[in-house]
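Starting from the known structure of chain A, arrange chain B with the ligands on it as the hints suggest.
From first to last, the protein sequence lines are chains A and B. 1 is the number of the first residue of the first sequence in my numbering; add one for each residue after it. 1 is the number of the first residue of the second sequence in my numbering; add one for each residue after it.
Because the hints were derived from the structure by calculation, they are not lab data. Among the clues, some could well be false.
What the hints assert, rightly or not - Taking lysine to aspartate or glutamate pairs in the EDC-like style, the calculated list, with each CA pair at most 20 Å apart, reads: (1) K54(B) to E166(A); (2) K270(A) to E140(B); (3) K24(B) to E65(B).
Claimed, not checked - Not everything, but these chain A residues come out facing chain B in the computed CB check (under 10 Å): (4) S66; (5) P164; (6) I181.
Said to hold, decoys possible - To be clear about the criterion: a stretch of chain B counts as covered by chain A if any three or more of its residues have a C-beta under 8 Å from a C-beta of chain A, and this derived list gives those stretches: (7) 72-82; (8) 85-95; (9) 154-161.
The beta-carbon is built from N, C-alpha and C at its ideal position, and this holds for glycine as well.
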Amino acid sequence: MRLINRHPSRPLKWLLGFLPFVIIVMVYIGASHQRLAENPNDKLLPGISKMVTSMERLAFEPSKRSGDYLFWQDTLSSLQRLAMGVGISALIGLVIGLINGAIPLVRANLSPLITAIALVPPMAILPILFIIFGLGEVSKVVLIIIGIAPFIIRDMQARTLEIPAEQLIKAQTLTANTWQILLRVLLPQILPRLLDTVRLSLGAAWIFLIAAEAIAATDGLGYRIFLVRRYLSMDVILPYVVWITFLAFLIDWLLRIISQRLYPWYHSQKAVQGQTT
Amino acid sequence: MSFITIHNVWKNYGQTPVLENIHKEVEQGSFITLVGASGCGKSTFLKMLLGIEKPSKGNIILEDEPLKAEPDGERGIVFQRYSVFPHLTVQENILIALEFQKKPLIARMFGSSKQQALQKVNALIERVGLTHAMNHYPHELSGGMQQRLAIAQALIANPKVLLLDEPFGALDPGIRNDMHELVKELWQQDQLTIFMVTHDLKEAFSLGSRLWVFDKVRHDPHAPQNYGSQITYDLELSTDVDDSEQIAIAEEIKSTLHIDQSEAVIA
Ligand SMILES: Nc1ncnc2c1ncn2[C@@H]1O[C@H](COP(=O)(O)OP(=O)(O)OP(=O)(O)O)[C@@H](O)[C@H]1O
Ligand SMILES: [Mg+2]
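Next up, chain A with everything else stripped away, as it sits in the complex (with noise of 0.2 Å):
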């Protein structure tokens, strides 16, 4: 049979798929044993057991200084601010993206000074907005929006472009105005496309997240890691960058699930068009 024709077996895919973390994870092990045998106080690839103790330290005993329990207080303000970059950025991407979409007199409008506000580079900008908003939580929150929200804005216009003339035709013959149309016809189509976009935004929204917590702030998981810099602790950023993977990686899931939950439609509409193209 072609190699193209073969299919994994359901357990074997799972294997194949768990292989490389395995094979990762006994390199980076034979690799911190070597080290450490030569140098015990070597820092660069600390043990496991090292690591336990680090994040134990962190997530179940109170900081002597503030008394919280710093893992789950960087973990909850990060999240904290994504959620806010990440919701307030989907609110207006869906609306704009949505009234730009629908409305030709708006898009002609809108649509050049959206494109030249998306070329900007947020990073560029970060100075800017510390000055304004102060170096609190609304400065990293706005880093976010003006880093994902274009992109969103942008994507959700084509989407609503894309939702064929047909049905806007039918709508109109079914003697619905405007407002009827945005409302029924066009949102609800959206919004499991805006779940899409949001999911491959979320990319960008930690990296400006971790830029923004790194630069100015008092706790997050971006500002742990580059604080602990200083000391080379490998033992905290290494747990960390794998906590914040596996955040980002939860969230997609939980998107993707909401998504297949609540649009069972687009789901298979998506299927359908994949067979077919």
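Coordinates of chain B with the ligands only, in the frame set by chain A:
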């Protein structure tokens, strides 16, 4: 005055003429089938009736008023595909028309007004034979069922004119016959005026009360794009016309149409 008057209509896309000098009057309750070679402008003609394309010259009068330049409830449409809303169930797809009519702001009905509307909706669903699939989404329906839904959807708004652009082109012959029965029945019950584009000459003859053939009259062999199509045949069809006579006319039409082999097989 006739119900619809098509007054000296020409249509160009840019420099390219598509339709020339269409001049027709249509009585209310007519069922006009439109045939012609691919690309001769049949869909363009329907789009002008629908109000999404404007004639380059001439005008169309519906009941003594110039046709509105955007779609409205007077003219219903069924396209070949993409006609129904994929995010709504069969029932919701039809109910939404009543919600548009009655609820300008929220476009949704609740409670007793919804129950009342649903009675009308369900009766129509029954008429097109979709009762068992009432709560299914369009992607769960076969092509024929989707088209029946599209027809029901177009009918609930009580249009005066129903435009059908190759509505059954994608269906297999058995289902097509069912659909013919359905459309004929709806036409006779509802006093609709129907325009239907088809590539199937048999369908065109058996279904309509009047048949129009679109074809190019003038030809420039070096630049075939130079001229648009006109209506070259305008036949009254009556059911008691002898079959052989109709077949003879059909043969004549087939030979004048620039239908290539593959399409001739379909027709
Ligand atoms: N929006 C448009 N802009 C430019 N040319 C167009 C446009 N729409 C249609 N045409 C041209 O007009 C001609 C008629 O198109 P139309 O879709 O009306 O043909 P048709 O008779 O419906 O063909 P078919 O049987 O294949 O559906 C074609 O040559 C097409 O290329
Ligand atoms: Mg066509």
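Okay, the hints, checked on the actual structure:
1. K54(B) to E166(A): Holds, at about 17 Å.
2. K270(A) to E140(B): This hinted pair holds, its Cα atoms lying about 13 Å apart.
3. K24(B) to E65(B): holds (16 Å)
4. S66: Given a least distance of 49 Å, the restraint on S66(A) is violated.
5. P164: Nearest chain B Cβ about 4 Å off; hint holds.
6. I181: holds (9 Å)
7. 72-82: holds (count 8)
8. 85-95: holds (count 3)
9. 154-161: Per the Cβ count (4), the hint holds.
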